[in-house]
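Visitor: Please build the complete structure, drawing on both the sequences and the hints.
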Amino acid sequence: MTNNQIMFFIFSAVIVIFSILTVTSRRILRAATFLLFVLVSTAGLYFMLRFNFLAAIQLTLYAGGIVVLIIFSILLTSHVGAKLEQPGLAKVIFSALTALVGAAVAIAAILQYKFPETVIPKERTNIEDIGQALISTGKYGYALPFEVISILLLAAMIGSIIIAKKRKD
Amino acid sequence: MFTYTVWIVLIPFFLFILIGFFGHKFKPLVSGVVGTSGLFASMALSYYTAYQYFFVVGKTGDVFGKIIGYNTVWLKLTEKLHIDLGVLLDPISVMMLIVITTVSFMVHLYSIGYMQGEKGYMRFFSMLSLFSFSMLGLVVATNIFQMYIFWELVGVSSYLLIGFYYTRDTAVAASKKAFIVTRFADLGFLIGILLLSFNTGTFDFLTLTDPNGVAITQGSGIMFLGLSTMTWSMIFIFMGGAGKSAMFPLHIWLPDAMEGPTPVSALIHAATMVVAGVYLVARMFPIFHFSAPVALDVVMCVGAFSSIFAAVIACTQYDIKRVLAYSTMSQIGLMMFALGVSGYGAEEGLGFMASMFHLFTHAFFKALLFLAAGAIIHAVHSNYMNDMGGLRKHLPITHITFLIACLSIAGIPPLAGFFSKDEILAAGHEKSMMLFILGLIISALTAFYMFRLYFSIFWGKQQQYHHTPHEAPKVMTIPLILLALGAVFAGFIPFSSFVTSDGKPFASHIDFAVAIPAVLVGVLGALTAMMFYMKETNIPETISRSLGGFYRAAFRKFYIDEIYLFITKKILFNYVSRPVAWFDRHIVDGSMNGISYVTNEVSTRIKGMQSGQLQQYAWIFVSGAIGLALAFIYLWTL
Amino acid sequence: MFEGVPLTWFLILATIMFFVGIYGFLVRKNLITILMSLELILNSVNINFVAFNKLLYPEHLEGMFFTVFIIAVAAAEASVAIAIIINIYRRLVNIDVENMKEMKY
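Chains as they are written, first to last, in the working numbering: chain A, 667 to 835; chain B, 452 to 1089; chain C, 5 to 109.
The reader is advised that the hints may include incorrect statements.
[As the list claims (entries may be wrong)] If we take Cβ atoms under 7 Å as the criterion, some of the chain B residues that face chain C in the derived model are:
1) L1065
2) W1070
3) V1073
[To be verified] Straight-line distance between alpha carbons at most 27 Å, and here's what the computed DSSO-like set of lysine-lysine pairs gives:
4) K1058(B) - K108(C)
5) K478(B) - K925(B)
6) K912(B) - K986(B)
7) K1021(B) - K1008(B)
8) K517(B) - K527(B)
9) K1058(B) - K757(A)
10) K844(B) - K986(B)
11) K105(C) - K749(A)
12) K517(B) - K531(B)
13) K955(B) - K882(B)
14) K108(C) - K33(C)
15) K757(A) - K105(C)
16) K627(B) - K570(B)
17) K105(C) - K831(A)
18) K33(C) - K749(A)
19) K832(A) - K33(C)
20) K33(C) - K831(A)
21) K844(B) - K912(B)
22) K757(A) - K108(C)
23) K570(B) - K925(B)
24) K955(B) - K510(B)
25) K105(C) - K834(A)
26) K627(B) - K1021(B)
27) K1020(B) - K1008(B)
28) K788(A) - K805(A)
29) K105(C) - K1058(B)
30) K1058(B) - K33(C)
31) K517(B) - K955(B)
32) K627(B) - K1020(B)
33) K105(C) - K832(A)
34) K105(C) - K33(C)
35) K757(A) - K33(C)
36) K570(B) - K476(B)
37) K570(B) - K478(B)
None of these hints come from the bench; they were simulated from the model.
Virtual Cβ for every residue (Gly too), placed ideally from N, Cα, C.
Guide: Structure (structure tokens):
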């Protein structure tokens, strides 16, 4: 078993366990914390795959931004110690069944498929390449999506302010 | 050269717009004066056109040709098939221009006085202008489709004018009747047009009526029920003509149309619109003659029968306008009859010439009769001759002009009616003796009923009137005098050197073998009427009683209206409309209602699925996606 | 194979994470927990993109950029969603998804 494999197993174990805890925990603040663990381990996986830049984004944006946002809203809308009520049994059974069947189908399909083997270079992704690609307009250039996403973020920001602000009436 | 002729048609149209939309801004009299002077302009242009056509440029060699004065492509369907609007000048259309503008002008002038003080004075004049526009557009049509468009416009304006007194139930019913009956006939016209244009590939009169053109020489299409397509199309077209010209059995609207104001009856239902059918047949005459002789026989039979049928009814009626209406129908029947017996070519086409000649003279004396009748009604305030009598002292001008018109229509020489009727009888005589005798009978009846009318109005017993009848104002008597001049002198026009079936002039002469019997029966009819009605006698009653059932049938117009009512109300309504209505209500509506009921039921049943529970929807969506994945991976593996 | 870890493992991991997210989406009542399940689903997709990129086409960066953009979209989505949740909370005083059924028949 290589180091990589060990690392992968650790990360995946964390991800799977805390994912399940996230969706089952009855204390909402804890669920958010578990989500944070999942996201951090995902960042670990990215590090392992040598996408350092991406892992950094994952940590700052997801772990740092979104989870904090979620925690804020939790604090705004519920008591800290409040326990969520237990969902109905039928609902749990049906949903679990659906999820299990879906997972089974997907995993079966993945296992059946023969992916091609490729030689993977050792060096990690160069931050300069990423920067060039984000502002280039040619092939493999992402200037347009970059701009579009900035507009989207602006729109989302204005939209959230408009939606969340108190009405006069 | 003749481009200005389009203004003859357009002036009344602009008058219609002007009076119809802006007339209410002025005094009522203004609209009358404007309409009349506009029509005068149109009339002057028509006379100028006639002069130009007949005496200056119309003749190429020896023949009066057809000249396109103005043409514009209106609706381009394909390269070959297009509908044009334009002005076609040939002897008959120029003749019709004169007739229409003259009579229309007279009627306009007369109406200024007659309609004085009526509600809707300006509406009346705008509609008269609309009618003049449509009628002029009809006669100058360069193609059969333009003719059809104006034909319908004429029908509409006739409908509007018959229903002028729209507060009167009878007028409304009469206008509806006129519109529906003529519209039904126009359906035949349209079918005929479609058949004809399908068969020949053109709408154009120039191509259609050229005796050496494709339409006539290329044959007459496939046979159907023993008659060729060409014959069928001509019969259908004649059906349209018969509807407008009130030929049996589509004549029922004409007597009722007398509900309209009297000037309207004079213009539309005596002189112009009702002869549109004759004009139509004359316009299509080469096709009738060369490609569809059977249809021409139909024209002859229908014309002859309508003529004698109407003449008999006219002898029994008491409403003076109805007598005149039946007289009109009878005279138009004579014109149709003359067209039916006519051949093609100069001398051969005597009947054609006679028909057009009679149309021309008839327009004058019949318009005169109606206008005089209007003056009488104006004075007496009644339509019934029982209420009249001894009017000759009170209405001298009307009396004289009415007498002239009666003499003219009775065919007493040297008045206009004599010449034209003589030509018709001569044409009948050429064809066969039987037809000649039929013509003589009609002439005798004509003279009888006209003089019956004349004597009972102006002679007969003295009536006590509420107030003394007085002569109409000058604006009404002047048109009477002018038309009387026309009724006297129109016959001296050497018609055969202008209007013939193929455009070649010929010299007609009076055949004394025809003329003498014709005049004799005319005089005989007049004298009989004089004997019966000049003094109050009981001879008419005795005779009508001795005739018994026949008299009653004629008095009730041979029950044609009742037959129509029976057919429509009893047979059509009961055996066609009711089942159709049942089918509509139960099958068509039923299936629609069934569909809506099923939709309603199903949606009430399944509306529970729209629970508003987001997660339920999500669950269905996810399981659906998984189900599809399963199906595509494991079940549907092609 | 990435230094001993085959692509399949990543994919299976992502699948498990995805369906755990689905389960959470279907079961949880609180809107915020539903939002968290949604984040799980998005994250699993990100893992897929990154793994495909590294293990199948290491010379390009499409997968990575896709992930970057998804993260941006997720951030936008989370902010709007939380604004909506706060608005709903203001109206209904709780944020239970089962109470939001005004759009039913």
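Visitor: Of the hints given before, which are not true for this structure?
Guide: none
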